[in-house]
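Enquirer: The chain contents come next:
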Amino acid sequence: MNRFRHLVMGRPNERMIVDYRDDLRLFPTRAKRAWLLFLVLAWIFLPAVWDNAPFTILSEHGVSLNTLAYAAVFSIAAIGLNLLTGYTGQVSLGHSVFLAVGAYFTAYAGSTWDMPMLLWLVLAPALGWIVGALVGPFALRLRGNYLVVVTLGLVFIGEHIFRNWKSVTGGSTGTSAATVPVSVGPLDARNLEIFGREFDEDRAFFWLTWALVALVAWLVKNIVRTRPGRALQAVRDRDIAAEIIGIDVGVAGYKTQAFAWSAAIAALAGALYAPLQLFIGPQDFNLLISIQFIAMIILGGMGTVYGSIIGALIITAMPRFIEGYSDGELPLLGRLIPGDGLPAVAAKTTDDGLITVSSLNVVIYGLLIAVFLLVEHRGLAGIWVRIRNYFSTWPFSY
Amino acid sequence: MTQFLQACFDGLALGSQYALIVMGFVVIYRATGIINFAQGGALILGAYMTYNVSNTWGWNFYLAIVVSAVVVAIFSILLQRAMLQRIFRETIGVIGGLLLWAASVYNGASHAVGVVVGVVAGLVIWQLAARIEARVGARGPSELPLFGAIMVTIGVLFVVRQIVATIWGFGELNVEDPWELDTTMVGDVILQNAKIATIVLAALGLGLFFIIDRYTRIGIAMRATHFDHEAAIAQGISTKLVFATAFGLAGVVAALAGTSAASGANLITPQIDTIVFLAFPAMILGGFDSPGGAVAGGMLVGIFQNLVKTYVAQPPGWFPTDDLTWLGAGFERVAIFVVMILVLLVRPYGLFGTEEVRRV
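The listed protein sequences correspond, in order, to chains A and B.
Be aware that the first sequence starts at 73, since it is given in my numbering, and climbs by one per residue.
Be aware that the second sequence starts at 41, since it is given in my numbering, and climbs by one per residue.
Derived by calculation from the structure, the hints in this document are not laboratory data.
The model shown is predicted, which means the values in this text are computed figures rather than measured ones.
Built from N, CA and C at the ideal position, the CB exists for glycine as well.
Be aware that a few hints might be false.
[Said to hold, decoys possible] FRET-style restraints, in silico, Cβ to Cβ:
1. 267/A - 363/B: 53 to 63 Å
2. 138/B - 125/A: 53 to 63 Å
3. 120/A - 385/B: 50 to 60 Å
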């Protein structure tokens, strides 16, 4: 209905969608093209101005460029999970394992074989794809609760392997990814020099990771707006009905493929996570990480690509932000609540305070998941759609 | 042979814990059709309540178990009212009020001011939440897709775990139970008294459940509700009461499981709920909706896990290799998940569960 509101409301300025190609366009309106331009400019110039005035409210309180690079890595993983959960309706608590596959592969191949970046950027997702394709067929026989429990089992099995396959993963202590090559031709992210100007590692990783977010977002957007995407959504809405109208949900069908591609994207995120984190261990890939991914897509909006990115940004930045403010002065609440920092929040377990920062973060994840599911299950994307519709249908907004 | 019997006995004790945990899941699943991960939170709370009553207050240990069971049952019922029955705005109001009360007292306001601030804030937040709810049409998890309901309960689990850690700390605590590290010898088999007590505790808890389920009015009402929700309502069964009973019973068994997981040689930490995740294979084996299956699945998985543990450490003579250390420490915990996955491939609804009929 929304798409045809110009017919109903008679809005001469809005472009009329007259054929299929128009309907499929990625950036159909002028506003969306302006957004694209804005985002590209932000991508280029944000690292230059991040340490300056209005951004200091974030950058001086824990949300550094490095945090944004992490947010980019988690955005990629969240987009992958959204492809599986938001579009195909298959729940996975096992995405931390797919992330780990990519991360360990990169750490091992990069350190031991000195594998160049372009190669591990391709091979890590390929390995993730294979693992996902092995897990995927379980979703054919199981649904709902049972699938949740099996993917949960995957986390435990994965963690056991990571702790015990010591020659590759380094066991419980973990393995270093500090020497993984992160360079394309003359451009090295660890020592970036463009036209004689040197840029530090944080900036280089910001550009690298967010470029890959754009690539993955574009790929996934292309999947979901064309035939495979509609097939996935049909499977999500009612898989038996989808099967009856001729959508292949067999062993090599759409469900398995959704698992495989989603795992491949998560493995790509893991591949970037390893050199960013420098040192990875089993504790980086536990159940909480999987839950965080789910929190990201619930918060951002299930079944949207941009929602995954927004969710990942908020869920990644929020803990650092709270930590940054836990012993600093509050920007707005400072006048309402006397004292330093957030009330009753301790920065460390030894400090005085009602609740520690890490506990508070976990509590907030839990509450965010619960509240968003109960109040706005389409997430922030849903709220945005609501606001947009309010104004675009004004004065008939009801 | 001694080795085998020892493994079986230890497995039986572990299986009893699994059976108690799975029973909690099954009761709630039969009533509401969701897996309630918050059951893990109830288990943590049960363990810490027992600790608090018996150690901190110095009450009799057995009394502490009863107190803990009652408290967790009440907690469970309140949780169900808050999360599943649309008293969402009231919950938000109460939480907000409490938070602001704590914040204002913490920031140096007197208690009187703090209470006034808390009450006013609670009322305002309650009204705001009600407005928002009316505007956006908030839904209870029972109306959510399955995934949503599960995620809500996982969210609750994390919240409860952190709140418990905030109250009692992250450190290891030792419950002063009467069994401690005492053992009884039967032949060459060492029976830890705490494990015997676990089996007895489980037998009591499960016996109580089966009596209620089989012979009382509310038990029959619970089974009727599971069988056909709408028909049960049409017969005049109060589903509210059924839900409350289910969650209350689940709370009781969770408290028992938590206490037994904290007794004997074990210490309690907020991570004690790991055992809840380890109980999932037992639940799958038994099937989600079969109380008998819960007991059978729990015992099978418990014994299997201990047999694997024993024979991986010391493979029997006929086994082609006598060194299985490459499987890693704690392999038995993974083995049960592998078995679970294999069972699911053959019987997707568990060994004793009801096959789900799918319609377009």
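Enquirer: Hint by hint, where does the structure go against what was stated? Just the numbers, ascending.
Expert: 2
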